[in-house]
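As they're listed, the protein sequences go chains E and F.
Note that my numbering has the first sequence beginning at 1, numbered continuously upward.
Note that my numbering has the second sequence beginning at 1, numbered continuously upward.
No lab work stands behind these hints: they were computed from the structure.
Certain hints may be false.
Since the list can't tell identical chains apart, any single copy or any two copies may satisfy a pair.
[As the list claims (entries may be wrong)] Here are the simulated SDA-like pairs of lysine to any residue, each with C-alpha atoms no more than 25 Å apart in a straight line: (1) Lys80 to Ile130; (2) Lys135 to Thr271; (3) Lys81 to Leu273.
Protein chains: 2
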Amino acid sequence: MIQTPYLLFLGDAPDQLAAKVAQGIRDWRPGNCVGQIRMEGCKADVGLPDMTLAEAKAAGAKTLVIGVANRGGVISAAWKKVLVMALEEGFDLASGLHNLLRDEPDLAAVAEATGQALHDVRVPEVEFPIANGVKRSGRRCLAVGTDCSVGKMYTGLAMDAEMKARGLKSNFRPTGQTGILITGNGIPLDAVVADFMAGSVEWLTLDNDEDHWDHIEGQGSLFHVSYSGVTMALIHGGQPDALILSHEPTRAHMRGLPTYDLPSLEALRDTALPLARIANPACEVVGISINTAAMSEDEAMAYLAEVEKRMGLPTVDPFRQGAGRLVDALAAL
Amino acid sequence: MIQTPYLLFLGDAPDQLAAKVAQGIRDWRPGNCVGQIRMEGCKADVGLPDMTLAEAKAAGAKTLVIGVANRGGVISAAWKKVLVMALEEGFDLASGLHNLLRDEPDLAAVAEATGQALHDVRVPEVEFPIANGVKRSGRRCLAVGTDCSVGKMYTGLAMDAEMKARGLKSNFRPTGQTGILITGNGIPLDAVVADFMAGSVEWLTLDNDEDHWDHIEGQGSLFHVSYSGVTMALIHGGQPDALILSHEPTRAHMRGLPTYDLPSLEALRDTALPLARIANPACEVVGISINTAAMSEDEAMAYLAEVEKRMGLPTVDPFRQGAGRLVDALAAL
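Let the sequences and hints guide you as you build the complete structure.
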């Protein structure tokens, strides 16, 4: 639906985490990206060539993807100058922001005049049912985090890639804009109306072969007071057979909540597992995924070994090490 | 905004619970109701005189309120005949259903032609913020249930009424259509977009006097897989200082989920309190509210005494006994 290749728009991202949409696309579909475009003050870099609109156009880019998220998801006036120019130079736009491209009169008018498309992947395009809780066939794995933005999507994508490489039946099931932009399908869970959240997750992860695994993209955290309801709907709508605990060990406080400390991995396990067993009594915590991007190799290895010993579960950074041991843990279930 | 008095429409409610909207209005604002109107096959009765549209009109009714909820909230063809006639006879319509009155072309056209108003109280009319988790002044009480429809709204309304009767500072804060229809304000939480659920609850329960209590209307249950995400947003957005456990002891299984058993009150306490303490470390479970409507007086009294002894908390049916002991428990905090 969205034409490739992409030019990734990083805007004036205040830090690297704010550009996680762009980073995810670049890491999982590098062949779909010709470059990045950054504004003055941008603190993010996803490791693609910096290009002007004209350079990207010459390199074949068809769609400018907004790869940066602001708190609240607003399209600023500064961004708009670039977006309008992009439409005028013949790019489509794609975005997962709450603030829809189509709701901006100037963008809508220029898109209309130039014949370019506006793709708002955050908008649900299905009338989801209310969850019915009926047990489904096939198996499902969900990553739950101590915080937001700790590597849950990466974990699911890496486990799916590993299973596919082994010739096993597997799908990654996106629940956010990055995943949807990467795979071309999924549910924009944080934009679904409250009553239908769990039902949308059931809809996404239907009955399947008994030896098939859905890797459901996690969202938020049970411990993040802004988004915990979304996480809960994933746990109950997803009926996971397996949970992966996800953590970023250098975080000083919960993301966006300076007075809230991160929970321990033990607290996450002891909170998430009983809740998951309401929907699937057979659910088990099978492994731990640590985002060690901010650590040296030695620090990371020491930390992973310490956690593995303490928690008694396979503990890896799937970005450094691949997800092989997590897939082994699923196979052992 | 909605003109009173009301005629309460019970439709073809399959059971008494399906008419809980009408029952709530009738119990808490009896002076606003002239009667009820029921279709063939209706299994509910809220104890008001049965009236035709003409009789209700003659008795002064100005608005027909849809007091019945279908699973999924759909307006059936059979209902529509009555609703169209009501508009033609000069009633406004008010509804809290997901299926909006304004989205039905025939209702919209007849309302336009007759000059009558369509009130969809389920539609959020505010752009809610994302929750920021900042500690607020004033105090908040939230009822959490073992299941949906176990008496959480009644508990909040009864505690608010008792505090007002004692001259204490108190507000009932509705989070559902019945509460909004009763009080004229509140948030339709189950219709709020996922990312803004907790923020909408923060918006509803702002800073207040230190001796003021907000009684936040509970929704769903942490143990009900269809709606648990909504409950979680209430617990984290509401920052309750006090939790009331709510239960209906004759329920054979979770409402709408025939293969799911109800949790024990102990399991509810042990699940809800640690989650509430993420947002408010001082939170306490202060009492238990039991809906004994399906029990005899003797059975009810014996059951309440047994639970009170077992749980070590004041245990009442606020509908039979009033909420005095629950308010005492708040005062003792």
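These are the hints, each one checked on the structure:
no., hint, verdict
1, Lys80 to Ile130, "between (37 Å within a copy, 23 Å between copies)"
2, Lys135 to Thr271, "both (22 Å within a copy, 23 Å between copies)"
3, Lys81 to Leu273, "neither (47 Å within a copy, 49 Å between copies)"
In summary, the one numbered hint that this structure violates is 3.
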